[in-house]
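**Student:** Keeping their order, the protein sequence lines are chains A and V.
When the letters of the first sequence are read in order and numbered with full-length UniProt numbering, they come out as residues 1 to 712.
When the letters of the second sequence are read in order and numbered with full-length UniProt numbering, they come out as residues 1 to 712.
Note that these hints are calculated values from the structure, not bench results.
Don't take each hint at face value.
In this list, chains with the same sequence are indistinguishable; a pair is considered to hold if it fits within one copy or across any two.
Claimed, not checked - Heads up, simulated DSS-like pairs for lysine-lysine below, C-alpha to C-alpha not over 30 Å straight-line:
| # | residue 1 | residue 2 |
| --- | --- | --- |
| 1 | K133 | K585 |
| 2 | K697 | K658 |
| 3 | K597 | K658 |
| 4 | K133 | K495 |
| 5 | K495 | K274 |
| 6 | K495 | K697 |
| 7 | K473 | K659 |
| 8 | K61 | K255 |
| 9 | K88 | K182 |
| 10 | K658 | K133 |
| 11 | K255 | K658 |
| 12 | K61 | K630 |
| 13 | K473 | K495 |
| 14 | K255 | K652 |
| 15 | K473 | K255 |
| 16 | K585 | K274 |
| 17 | K658 | K473 |
| 18 | K218 | K495 |
| 19 | K182 | K697 |
| 20 | K697 | K473 |
Because the structure is a prediction, the values reported are computed rather than measured.
2 protein chains.
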Amino acid sequence: MSMLESIEETTRSRLFERTPDLASGDPESRRDEIREYFLATWARYESLFRTLARDEAYFEKSIPLRHPLIFYLGHTATFFVNKLVLAKLLPHRIDSRMESTFAVGVDEMSWDDLDDDHYDWPSVAEVMAYRDKVRHAVLDLIDTLPLTLPINWRSDWWPIMMGIEHERIHLETSSVLIRQHKLDYIRSDPDWRPCPKTGEAPENTLVAVPGGEVVLGKPFDAPFYGWDNEYGEHRADVPAFEASQYLVSNSEFLKFVEAGGYQDDEVWEEEGRKWRDFTEARHPTFWVWNNQWYLRLMTEQVEMPWDWPAEVNYHEAKAFCNWMARETGQSVRLPTEDEWYRLYDVAGVGEVPRNTSAGANLHLDHWASSCPVSWFRHGDFFDVVGNVWQWVETPTYPFDGFEVHPLYDDFTTPTFDNQHNLIKGGSWISCGNETLRSARYAFRRHFFQHAGFRYVVSEAEVRPPATQYETDKLLSEYAEFHFGDENLGVPNYPKAIAELAISAMGNRPAIAALDIGCASGRSTFELARHFDHVTGVDFSARFIAQGVSMADQGALRYTLVDEAELVGYRTRYLDQLGLAEVSGKVHFWQGDACNLKPQFTGYDLVLASNLLDRLYDPERFLAEIHRRIKAGGLLVLASPYTWQEEHTPREKWLGGFKKDGENYTTRDALDELLGEHFSLVGEPGRMPFVIRETTNKYQYNFTDITIWERKA
Amino acid sequence: MSMLESIEETTRSRLFERTPDLASGDPESRRDEIREYFLATWARYESLFRTLARDEAYFEKSIPLRHPLIFYLGHTATFFVNKLVLAKLLPHRIDSRMESTFAVGVDEMSWDDLDDDHYDWPSVAEVMAYRDKVRHAVLDLIDTLPLTLPINWRSDWWPIMMGIEHERIHLETSSVLIRQHKLDYIRSDPDWRPCPKTGEAPENTLVAVPGGEVVLGKPFDAPFYGWDNEYGEHRADVPAFEASQYLVSNSEFLKFVEAGGYQDDEVWEEEGRKWRDFTEARHPTFWVWNNQWYLRLMTEQVEMPWDWPAEVNYHEAKAFCNWMARETGQSVRLPTEDEWYRLYDVAGVGEVPRNTSAGANLHLDHWASSCPVSWFRHGDFFDVVGNVWQWVETPTYPFDGFEVHPLYDDFTTPTFDNQHNLIKGGSWISCGNETLRSARYAFRRHFFQHAGFRYVVSEAEVRPPATQYETDKLLSEYAEFHFGDENLGVPNYPKAIAELAISAMGNRPAIAALDIGCASGRSTFELARHFDHVTGVDFSARFIAQGVSMADQGALRYTLVDEAELVGYRTRYLDQLGLAEVSGKVHFWQGDACNLKPQFTGYDLVLASNLLDRLYDPERFLAEIHRRIKAGGLLVLASPYTWQEEHTPREKWLGGFKKDGENYTTRDALDELLGEHFSLVGEPGRMPFVIRETTNKYQYNFTDITIWERKA
């Protein structure tokens, strides 16, 4: 079937409005376009709720993990108000009670984390009246707000676009909730007609995809609205692989069901098995058995359309692949996000056209349901986009250059937890931003959307991306201390102390250095600018993990407290610190400075920075450190001498007390303890370092620095 | 008896060397003089120990609260070594074992705080051999060290003078220990002959002393060696008083003993009564009853010389005065230190002459004991100086401008505790610095020296001076934060925020201001530059005490941590901050900002700085603060918004969290909570503040500042 034929299929008099070009054009016509985009979205959203047969349907939950649909009716309006107030475009709230009720959705929580909250919901009529007020307020803004192009993240128009696109997302997620609701609550509607076409499913085959580079991510001046995680850049060389020509159909999936796949523990991943055990799933969630198989659509139940795509969650898709791999002996799995983009590029798919129907079951251009997997051809494949979303192996993660939008800092960041996998390509109801090549939505792996999958065969290893944000207070503060901004005008300390150590080395040999007490590892990397090999050792594996993340992923992500519980998001890149080329010379180990393994020896330099006053037995460390250092090599000690009982028992403090009646400083102790094997080089120094706790709170400290040369 | 006669009394061929003039003269002859001063002191000290009859006498304690005498033989040598090592004049120790043994004396502890330590003392011969080594080392320094005049605190010669004067102190205190030793252990010695003179005690009478100003303290460029507490300045107007012509003699004190004074609870101060009960004292400690009264001298026991001064501790002297006051109905008490100086000035006493014998039983110029109280006349009085030390009412305290010497920072500071009273005038064995008008020695009140007393009659109230150093970490840090140095280049914050508040007032009325959460009170004082009355309120009485100390005493003293347990000493003066003239406008109260008493109202300004995020219920504070402020008056809020559970329960935080899904800052909360009664004035601001913890550790924070005008 050609694209022309598919266009003829549509009986709709008007295409559902496309997401506007925000970069160029005539401002006033763009104002009109945004007005239309807003109104069309608002109307289509309300039209969706007309499939609810009676008021009761709004208040009973369709699934226990989400609010009832009344919440979603109000929520998209409240979202507008919240963002517009936050952006200071609305001087005050429109209805505080409504806005408190409709602000926060239930998270699509873990299936084993039920929540039985009771809400005193307003009536449907009240919510509709509230929606009207909000619609007027937004329209008023659209009609009066000065408009200049381009509209970018800092534009007053961004929160308006954000509100519209947010409602388009809920158009889709609410359609899923309606599909999960009791059929008794739902009525069919002429605006929401499912696809009437079905037939025998095609035999699926593997089609070769040549390897090549993919480029993901979009620049901040891209013309269409985007969510934060779409920005930045990710490039990857994708090795050649094979991919199934069609999405897995109900027919193909039936083989897995009939083979006892749901009971076959071996093919389920651990997390998927737990989900399956909890839900006692034996088949896809929208399949209904009543002497024969039926399929639940949004507004009706139909005889199983075997050639439509199987709709499953990630766990089910993954179990199918594992089962198929076992049966065929091939490396069957889901595609990665990179592989999906390679497929997209190779198949020659483009964006949804603005003035003609999509050549895919997308953007509500065709039906209010899936359609046969063999209906929309894209190059050698079918349904590279559209019909149903496609699960991929890749948990969502931020691209290089990722930033959060200040008006919506928790849109994606909470999902950077390796527990949310991406879905790609969009479904029949995906529209606006959701249909763009750049779209990146992710859900918990047990979650249901209008989503299925395509499988691939590839030997290439799937490496999980670095997704997680360090949120532990101390570790975050150290991440910033080592790799972050200059605070209070004080230069980066771990860098500065490494540079001082390198400078002290002069023209001594520079084969190997030990950074003992390396913490997050910045000095370790900096020393590698000068030394052939640098070993970073720290007692805390959690600190070392930050250095390892930098070495392996080239990036480190963490939150930083701004005020109390409010945080900002930071990503630091090794290459932006000019250290990418030395990462191969750096190795991190967990170890105890007071009981260091014999292997750590033969160093030209040992740097012990901010270590001494954190050791449980600093004298023991000093008593044997000379064994690690070559004759003529250096020991650089830097410490604020902040002795505290929580780190060092009082009787183990080196100095900072009266001894035999006289002041005895740590510097005095160092002279005594190191004099036998070392001679002091130059004058002791002092260096400031700053640790940021919040926007308003910093620790400002100084280290005392002594440099010691190992005697021959 | 004239001074000439007293000079003729001495049979000594040579006067005991006077403390050298360090300010002027020929350097090389001054080197010789110091050499002689050192050698004479060293020899006289060893000569004192020749009164010990046998080695056993060195090792048995003469009183349980002090080390045995062997310690003191070694201690004065070790003291030299310690100070010279500290001053980097000796490259290393002379004998580590000796120096560890002899470094720290037992504190003249409370009599109810016994210590049964066991030491493995070296032999007398070993200690003498060690002393010889030290003597050579010091002599070597004296012979080789470059000498320029004046010798001041920073001079390399200061620790040498310190060592000599220190040994002179121990010459006296060791003589007391010998006097307290079993007589069996002591032998008489031709160099230590007591006074042979005694007779009937004179009748004591009161002599009028006209009022006048006294000036205490000496400048840092004074010509003679001094201990830290002698420096600085103290001026006082002393009202006229009467003083006893003679020191109280044994004869006069006998009346008190025979009247049952030791059993008479009413005349003993509480601390004195405890001492008396513990020791079961019934008469002066050196009195011995054996069918008649005898007196224990240093090397012998003699029939009671009734005209010699009674030797007692402060408690006994005070009880005598209280008894006499009761018996006579007069305001009998001990003199204050100021009154002693007035007596000294009125009597026309001068320093001990350098080349002739003292006109007083002082400096070992006459005998190795007391002498009759009627022997040495000074104006209308006798024994204004010399014979025995005289207890005064005044606990030792630092003068304005007091600083500790870096080589001996715990010489006097531990005695600034209101538990050590001054003794004045010196005894027969006091020499060197001890004899100077400027000398200021203090001992615990139960302690014995060669000390007695003179009584005065005066209606003038005895006010205890401000002596104590704040040593609590938090309170010390706040004392410095409010009244101390600028740290890290950041201007004093409590001053700056007060100035900002004053500036914000413009030409509004400035009758009354409230500094709520005033802590140590600096802003309270600063506001008083502009307002007629300023009230400082804080929840912590301990913080307020610092402001009160500043207002009442004009000074605040505290220690500051340098490194771990090592501290420095600070004194801050209100007049040096330019605030002395406003102290009368300032009043401090303990109070709860969340439950403030109704009396605190009618203010033109309320300053709440660094308060909000330390309250247990900040909303309650904000909800009613408008009632305290006049219409048109200002509320200045400054806070870093550092919400912490330890101060404020989580549910009481004003902001710094997500509310209804959106970031909700404390600034947002302030707008909501204060909008009804206040309007925001100008733009919110930000100001840094720094709290010093150690030399190397600081808290560097920012406050957010909002200014609110009370609506009419």
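**Student:** Mind listing which of the numbered hints don't hold for this structure, in increasing order?
**Tutor:** Hint check: 1, 3, 4, 5, 8, 9, 11, 12, 14, 15, 16, 18, 19 fail, others pass.
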